[in-house]
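Number of protein chains: 6
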Amino acid sequence: MIVAESNIDDSSPEILGYAMERLLEAGALDVFFTPIQMKKNRPGVLLTVLCAESDADKFSELMLRETSAFGIRRYTAERRKLRREFATVQTPHGEVTVKIGRLNGQVVQVSPEFESCRELAEQANVPLKAVYAATIRAMPPSLLND
Amino acid sequence: MIVAESNIDDSSPEILGYAMERLLEAGALDVFFTPIQMKKNRPGVLLTVLCAESDADKFSELMLRETSAFGIRRYTAERRKLRREFATVQTPHGEVTVKIGRLNGQVVQVSPEFESCRELAEQANVPLKAVYAATIRAMPPSLLND
Amino acid sequence: MIVAESNIDDSSPEILGYAMERLLEAGALDVFFTPIQMKKNRPGVLLTVLCAESDADKFSELMLRETSAFGIRRYTAERRKLRREFATVQTPHGEVTVKIGRLNGQVVQVSPEFESCRELAEQANVPLKAVYAATIRAMPPSLLND
Amino acid sequence: MIVAESNIDDSSPEILGYAMERLLEAGALDVFFTPIQMKKNRPGVLLTVLCAESDADKFSELMLRETSAFGIRRYTAERRKLRREFATVQTPHGEVTVKIGRLNGQVVQVSPEFESCRELAEQANVPLKAVYAATIRAMPPSLLND
Amino acid sequence: MIVAESNIDDSSPEILGYAMERLLEAGALDVFFTPIQMKKNRPGVLLTVLCAESDADKFSELMLRETSAFGIRRYTAERRKLRREFATVQTPHGEVTVKIGRLNGQVVQVSPEFESCRELAEQANVPLKAVYAATIRAMPPSLLND
Amino acid sequence: MIVAESNIDDSSPEILGYAMERLLEAGALDVFFTPIQMKKNRPGVLLTVLCAESDADKFSELMLRETSAFGIRRYTAERRKLRREFATVQTPHGEVTVKIGRLNGQVVQVSPEFESCRELAEQANVPLKAVYAATIRAMPPSLLND
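Protein chains in written order, with the working numbering: chain D, 1 to 146; chain S, 1 to 146; chain L, 1 to 146; chain Y, 1 to 146; chain U, 1 to 146; chain R, 1 to 146.
The hints are simulated quantities; they were obtained by calculation from the structure and are not laboratory data.
Careful, some of the hints might be misleading.
For chains that are exact copies, the list does not tell them apart, and a pair is met inside one copy or across any two.
Simulated pairs of lysine-lysine, DSS-like, Cα-Cα distance not exceeding 25 Å [what the hints assert, rightly or not]:
1. K99 x K81
2. K58 x K40
3. K58 x K99
4. K99 x K39
5. K40 x K99
6. K81 x K39
7. K58 x K39
All values derive from a computational prediction rather than experimental measurement.
From just these sequences and the hints, can you work out the full model?
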C-alpha cells in the first residue's frame, strides 16, 4: 500500500473537505486529515491518502490538482488484514449487514455495517446507537467472539 | 458547574499527566487536555477542570501549584443531566454493572460500566470489546432503548 | 446563543459522525468536534453544538439521545455578526453566489459560496480552487474590499 | 476578561498565522488556535482571542477583518492570577530574568523568562534547555518553592 | 527525502517552539508538530523534520540537542514535486511575487507568495486576505488554471 | 523498529484507553494516539504502536483483537539513540534517579526520572515540578550540559 502525504498551509478547510470527497470517489482506500502546527504560527493540515501501489501517481496528481500542495511525499507500507465476510442478522428494526473479521479462522471482529444501520435508524427514527445495540443482541452464537 | 481553564506553554507533558491525576484525586468532576497552538510556534495545551462552584478556588489553586500556570480563567456552565441508575447483568464472563440514564422516565442510555468490564476482561483474558458486547446481549428487555 | 457541550468517551466515531448530521438537520447553528484527552488514557471528543437560546433543551436532548453522553453543560455567548448580503457573479464556469459581509456599511467579507462553487466544479470537472479563483476575478469593483 | 471565538472554515493557515500576529500586536492578552472538525468534512480551526472587556469590540472587529469570519461569539470569564514579580539571576551564560508567582505570599511559580533565555542561548550557542537548567541552578534559596 | 520523528513528553512548548526555529534556520525542508496522546495521560507532541538524505544525521543530532528526546526514528520517503516558477504581478497595493506549479507543462498551482503579500499588507495597512484577492485578480490569463 | 498503525473509526475512547495499556503491558516500545479526521465526519483516532521487528506480528494481532480494526499498516524505521546511563542525585526530598544521554561521549540529555520524582512528590506532598527543579539543582557538575 502507498501512503501519500502533503502538509497543507495554503488551502482553506472548505477546499480540503471537498478534496477528501473527490479522492474517495476516485477510489482511494482511505483519506484522512491530521491537524499539524507548521512554521510561522500556521495551523496546518496533513492530508494523507492510502492507495494501491499502482495508483500512486493517479492520487498524487489528484492531490496536487485539488489542493494548494506543491509536493507529495510517499512511502510504502505493508498491510496485514483480517479475512472479511459479511452476514445478515434480523433485528426488531429490520435486517442489518454485519462485517466479520477472522484471524486464522477465529472470529475477532463483528461489526454492524454503518450504512445498513444508518438506513434503519432513519426509517425507524431511533438513535443509531440503538440499532447497533439491537444488532449485537441479534447475532447468532456462531458469530460471537466472547 | 465551574469550568476552570489555563493555557499551558511552560510545563512538559510529564508534569501535566501527573497534574491530571492529582486533580482527579482531589475530586474534580472531570479533567481534560485540548491541544492548542500558541504564539511563538508553541504546541501548547489547554488544561480544563470541571468542578462544583464551591470548589472553584480549591481547584484553581491546585492548577497553579501543579503546573506552570500564572493565571486561571473561570466561567459558570449550567448542567443538564440524565437521571442515573445502576443495574447488574449476568454475562458468560461474570456479573457486569450497567449505568442507566433516563430522560423523563424513558431509558436513553445503557452503558456497561468500564471498571466492571475491565475486571472481567482481565480475569477471563478476553478483549474488553467482547465483554461490552456480551453485556449488551445480556441486558433484560426492560433496559432496552431500541 | 447557547453553547452546549459534552465530553464523549464512550461513543465511536461512526456514531458521532452520524450525530453531527442529525444535529445539523435538526437546525443547529453549528456543530463541531474537538479532540480532547481524557482520563484513563482515553482519546475523547468534545461535541459542541451552537443553537438559539429557545432551542437549548431540544438540542441537549438530541445530544443525549444520539450519543453516549449522560450530561450536557451549557453557557450563553453573545454574538456579533456582520450584516450579510448575497450577490451573483458571472464566471467562465457559470454563475456563482457570493456572500458579502458588511461592518458599519463597509464590505469586509466577500466569500464565494461553497455549494454554488462545488456545483460548477463538478459540472465543469475543474478543481474547486479554480472556481473560487475565477469567482474572485469576476467580482465587480463595488464588492472589492482591497 | 472576554473570550472571543470564531470557527474558521474558509481561511488558509497562512492567513490565520498572520492574523495571530496582528491580534497580538494590537494588544490581545492571548491568541490561540484549536483544531476542530466541522461539517462537510472540513478540518477547521477555532480562533480564540482573550482581551480586556473594554477591548472586546476592537478585537472582534480585527478578527472579522483579518479572517474570513462572518461572526464572533463572546463570553466573560473571571480571572484568578498569581501576584507577579521579576528577579534577575546570574548564570554561567549571563544574566537571566525570572518571573515569580506568589499565592498568598508563598512562591508557587519560578519561571525563567523565555526571551531572556533565548538571547543567551543564541549568544552562547547552547541549547535553550541548557540555559533554563542553568537558571534553575542559579536561583537563590529565597526563590525556591521546594 | 528523510522523515525524522521523535515523540516528546519531557520538553515544554517554549522549548519546542524555539527548536522549530533552530531546525528551520539550520536548513530543514520542513518542521512541524502533531499533537499526540502518550502513556500516563501525557499530552505529548510529535516533532517531525523533513530533510535531504545527506542531512539526516545533522538534523537528528540537532533534534537530540535542542529537545529532551533520547531517540529519533527515521524513514525515507519519495518526493513528487511540481515544477516551480516565479512570476510578478502588479496589484493596486504594489508588486506581488507569485509561485507557479506545473504538472507536465500545465499550470496546476498559482499561489501568491506569503512574504511578498505580507509586506504589502503591512505597508498598505489592509488585511492580508485583501492582498491575496487583489493578486488573484491581477493575474495574466496565461497563468490561470481555470 | 516497526511502526504499526491503524485508523480507528469504530471503537470508543474507553476501549482505546484500555488497548493502550494492554499493548504497553505486552512490551510495545511505545503506543500513542493521534486525533484524525476521517470520512463521513468521523472524529477518528490513529493508533500507533512501535515495536521490535521480531514482534511485529504479535502486536499487529493484539491491535486487531483489542480494537475494532480490520487492518494494520506497517513500515520499518531506523532508530538513532543516545547512549543511556543512570545516576542518582540527592535532593532535599530524597534520592532521585537521573537518566543521562550521551552523543559521542558528550552529555546532551539529563532528565530526572519521572517515576522516581513522582514517588518523592507524593511522599513529601510537594508539586512534581518542585522535585524536578530540586533535582536539576542537585546535579553534580560532571552531568551538566551547560
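Verification of the supplied hints:
| no. | hint | in the structure |
| --- | --- | --- |
| 1 | K99 x K81 | within (13 Å within a copy, 35 Å between copies) |
| 2 | K58 x K40 | between (32 Å within a copy, 23 Å between copies) |
| 3 | K58 x K99 | between (30 Å within a copy, 23 Å between copies) |
| 4 | K99 x K39 | between (43 Å within a copy, 18 Å between copies) |
| 5 | K40 x K99 | between (45 Å within a copy, 18 Å between copies) |
| 6 | K81 x K39 | between (37 Å within a copy, 20 Å between copies) |
| 7 | K58 x K39 | between (29 Å within a copy, 20 Å between copies) |
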